[in-house]
Amino acid sequence: MPDIGLNKSLVKDLMSKLLEFFEKEKKYNRTWYRGNPLKRLAYATGFSEKSIQRHTKASSNDAVQEVVQSLHDSAVKKQVVVPKKLDDFDENVVRRTIHDMYKKKQVVTMPKLQQALKEKDIDVSLSTVKRTVKRLGF
Numbered sequence: 001m002p003d004i005g006l007n008k009s010l011v012k013d014l015m016s017k018l019l020e021f022f023e024k025e026k027k028y029n030r031t032w033y034r035g036n037p038l039k040r041l042a043y044a045t046g047f048s049e050k051s052i053q054r055h056t057k058a059s060s061n062d063a064v065q066e067v068v069q070s071l072h073d074s075a076v077k078k079q080v081v082v083p084k085k086l087d088d089f090d091e092n093v094v095r096r097t098i099h100d101m102y103k104k105k106q107v108v109t110m111p112k113l114q115q116a117l118k119e120k121d122i123d124v125s126l127s128t129v130k131r132t133v134k135r136l137g138f
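Taking my numbering, the leading residue of the sequence shown gets 1, the next gets one more, and so forth.
Among the clues, some could well be false.
[Stated by the list, open to error] The calculated lysine-lysine pairs, modelled on DSSO-like cross-linking and capped at a C-alpha distance of 27 Å, are: (1) 84 with 27; (2) 130 with 103; (3) 103 with 120; (4) 118 with 130; (5) 134 with 85; (6) 104 with 120; (7) 27 with 12; (8) 39 with 85.
[Said to hold, decoys possible] Beta-carbon label-pair distances, calculated as ranges: (9) 92 with 49: 57 to 67 Å; (10) 49 with 11: 16 to 26 Å; (11) 89 with 134: 17 to 27 Å.
No wet-lab data here; the hints were simulated from the structure.
All residues carry an ideal CB built from backbone N, CA and C; glycine is no exception.
Could you build all of it, start to finish, from the sequences and the hints given here?
Now the structure itself:
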């Protein structure tokens, strides 16, 4: 048997667990977890199902599967475009309002900017103000 760098005590422990598992199956004359081989292996070896999944996934580096998975992920994770609630003119009003507040040496906060926009008959929510300011690059 080739030396694969395993600790002999670990191999013996694993072999004894498998033997015990198969003897238990023979004793009760039934196959445990027949429909779920992963759960059966976990029960037989004493490892958790997650550990077995992690180690079996790491060894299956199939390039085709990786491409299919990446295409599937990109198809599932589509970018959602939030519709603009302000047109270009209103965005320019927001920009001019921010510049005016800077000229008056005022601290520009979102609630203050929202209030200033309400005075100019642009009634938008605070989140829309934040999104617009971010889109304008401030």
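Going through the hints against the structure:
With a CA separation close to 70 Å, the supplied pair residue 84 and residue 27 exceeds the 27 Å bound. Taking the CA atoms of residue 130 and residue 103, the gap is about 20 Å. The hint holds against a cut of 27 Å. Pair hint residue 103 plus residue 120 holds up; C-alpha atoms about 18 Å apart against a cutoff of 27 Å. Restraint check: the Cα-Cα separation between residue 118 and residue 130 comes to about 15 Å, which is no more than 27 Å; the hinted pair holds.
Proximity of residue 134 to residue 85 is assessed by CA-CA distance (about 14 Å); at most 27 Å being required, the pair is judged to hold. For the hint linking residue 104 to residue 120, the alpha-carbon distance of about 17 Å falls within 27 Å, and the restraint holds. Simply put, residue 27 and residue 12 have alpha-carbon atoms about 22 Å apart, close enough for the 27 Å limit, and the pair holds. In summary, the hint linking residue 39 to residue 85 is not supported, as the alpha carbons are separated by about 52 Å, beyond the 27 Å threshold.
For the pair residue 92 and residue 49, the supplied restraint of 57 to 67 Å holds, since their beta-carbon distance comes to about 58 Å. At about 21 Å, the CB distance of residue 49 to residue 11 agrees with the hint of 16 to 26 Å. Separation of residue 89 from residue 134 is about 19 Å and conforms to the stated range, judged on CB atoms against 17 to 27 Å.
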